[in-house]
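Asks: Residue numbers (our numbering), protein chains in the order written: chain E, 19 to 267; chain W, 19 to 267.
For the record, the hints were derived by calculation from the structure and aren't laboratory data.
Certain hints may be false.
When chains are identical, the list treats them as one kind, so a pair holds in a single copy or across two.
Derived DMTMM-like pairs: lysine to aspartate or glutamate, alpha-carbon spacing no greater than 25 Å straight-line [claimed, not checked]: (1) Lys148 / Asp126; (2) Lys74 / Asp223; (3) Lys247 / Asp232; (4) Lys165 / Asp126; (5) Lys148 / Glu263; (6) Lys148 / Glu161; (7) Lys165 / Asp70; (8) Lys148 / Glu130; (9) Lys87 / Asp49; (10) Lys165 / Glu130; (11) Lys74 / Asp265; (12) Lys229 / Asp72; (13) Lys55 / Asp110; (14) Lys55 / Glu22.
So the chains spell out like this:
Number of protein chains: 2
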Amino acid sequence: MRYELYYWPTIQGRGEFVRLALEAAGAEYVDVARLPKSKGGGSSSLMGYIDDPDAKRPPFAPPYLKAGKLVISHTAEILQFLGPRLKLISADTANRMWAHQLQLTITDLLVEVHDTHHPIASSLYYHQQKREARRRTLHFIRERAAKYLDYFERVLQSNAKTKGRMLGKAHMIGRALSYVDLSVFQVIAGLRYAFPRTMRHLESDYPGLVKLHDQVAVLPNVSAYLNSKRRIPFNEYGIFRHYPELDRP
Amino acid sequence: MRYELYYWPTIQGRGEFVRLALEAAGAEYVDVARLPKSKGGGSSSLMGYIDDPDAKRPPFAPPYLKAGKLVISHTAEILQFLGPRLKLISADTANRMWAHQLQLTITDLLVEVHDTHHPIASSLYYHQQKREARRRTLHFIRERAAKYLDYFERVLQSNAKTKGRMLGKAHMIGRALSYVDLSVFQVIAGLRYAFPRTMRHLESDYPGLVKLHDQVAVLPNVSAYLNSKRRIPFNEYGIFRHYPELDRP
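Just chain E, with the same shape it has in the complex (with noise of 0.2 Å):
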């Protein structure tokens, strides 16, 4: 099967938790509106079918999965629909239906982090609600982010211990490498670079999920995709931006 993701082309944002299952898979797939324009690439490539008053079941918005007669939208169900087709979850129900779950955590964290730049309005500029969002940062970085980051690291922990012992590998789910391994890893990564001094402080505190960063980090397929020009580098149009003046002092 050769997928389909259109996704914005300038961007890491949410796009970026499938481009990692596909790249950790090995999958066979087309970033589209990364091809050139001669190639219907694009921005305007991902508006298309979003557009079309003919689409019978068009999706609300990027990022969404062709894969054959399929349109699938949302990142938490385009990896609900990967996972076990890039064996990226176990088959087991009670499995899948979990990782679903802490996927949408995520998604969760993400509208977070998204808004602590843009707590007012997607459609205004960050420093149009620049007094807004540091307010709502202070409240991410002192209450949220441990929230989230506590709930995960504790997830992985009683994961390591159901079997009695402490892993040599850390992981969300089971023994295997999961897609929800992949976004914790792309959420610490996000968040240490939109937050480093908040996140130097935390840090200590999870030691079970910078364990599980850097063993991703260094899966061969996904260190390939690091070193390459397909991974978009972090900038100030995403989901996690730096600005530096709503970092902790």
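Fit chain W to the supplied structure of chain E, relying on the hints for placement.
Replies: What follows is chain W alone, placed relative to chain E:
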């Protein structure tokens, strides 16, 4: 199967989307936190499992549903699970995936509705972020509400047209009642409660959604539920809150 729903006992909130599905289907369920404390109810019943250090797969937050040995959190995933069991979505995989996409779009809308009155932090009271709430709500009612409603109306109209004719009954998916129909009912009811002047201004653009709302409201099981004490009235603690100063003038 006797389901146990765990959700805040004094608000509709996100749990209401699950309650509506259970009620519409005539399912056997217990709304655990609404039981008297002597029978294991109250808000504290919600946090027991979430905070239990021995819980292997704890939810991040209510709502969550216990179904036999399964514990499922996140409204959209609970509905994805219940849908086929309550005959509130067809067994067809593509239909089920599409229903989940629509429900996840509703999830996104609910965050935006919540953040109209809490744009800075959930840990603060509304009156502590009223200025920011005014500014955020202005964008919500001018830009975002219509964007979501346009999309849902388009999906509904497109579904009506797929069989070449407008229907007697309005449905989001196929020819039968689905949990997405119930959720759209709740969205319309909630927006009307929170922003009555905005909705009076907008509603003529959404004849399909209004029709769907009205049809759902008179379904025998739904109507009985809405007229019972089990339906918690809208109030200023949930997602949809009526603060007249935030609505259109």
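Asks: Now tell me if each hint is right for this structure.
Replies: Hint-by-hint comparison with the structure:
Taking identical chains as interchangeable, the C-alpha atoms of Lys148 and Asp126 lie at most 25 Å apart whether they share a chain (22 Å) or sit on different chains (23 Å). In this assembly of identical chains, the alpha carbons of Lys74 and Asp223 lie at most 25 Å apart only when taken from different copies (20 Å versus 48 Å within one copy). With identical chains, the CA atoms of Lys247 and Asp232 are at most 25 Å apart within one copy only, with a shortest distance of 20 Å there and 53 Å across copies. For the homomeric pair Lys165 and Asp126, the shortest alpha-carbon distances inside one copy (12 Å) and between copies (20 Å) are both at most 25 Å.
Taking CA atoms no more than 25 Å apart as the test, Lys148 paired with Glu263 passes in both settings, with 10 Å inside one copy and 24 Å between copies. Taking the shortest alpha-carbon separations for Lys148 and Glu161, both the intra-copy value of 20 Å and the inter-copy value of 20 Å come in at or below 25 Å. For a Cα distance limit of 25 Å, the shortest separation of Lys165 from Asp70 across copies, 16 Å, qualifies, whereas the shortest one inside one copy, 41 Å, does not. Taking the shortest Cα distances, Lys148 and Glu130 sit within 25 Å of each other both inside one copy (16 Å) and across copies (19 Å).
With identical chains, the CA atoms of Lys87 and Asp49 are at most 25 Å apart within one copy only, with a shortest distance of 17 Å there and 40 Å across copies. Taking the shortest Cα distances, Lys165 and Glu130 sit within 25 Å of each other both inside one copy (12 Å) and across copies (21 Å). Taking the shortest Cα distances, Lys74 and Asp265 never come within 25 Å of each other, neither inside one copy (44 Å) nor across copies (33 Å). Taking the closest pair of Cα atoms, Lys229 and Asp72 come within 25 Å of each other only across two copies (23 Å); inside a single copy the shortest separation is 48 Å, beyond that limit.
Taking identical chains as interchangeable, the C-alpha atoms of Lys55 and Asp110 are never at most 25 Å apart, the minima being 42 Å within one chain and 37 Å between chains. Taking the shortest Cα distances, Lys55 and Glu22 sit within 25 Å of each other inside one copy (16 Å), while across copies they are farther apart (53 Å).
When held up to the earlier numbered hints, the structure conflicts with 11, 13 and fits the remainder.
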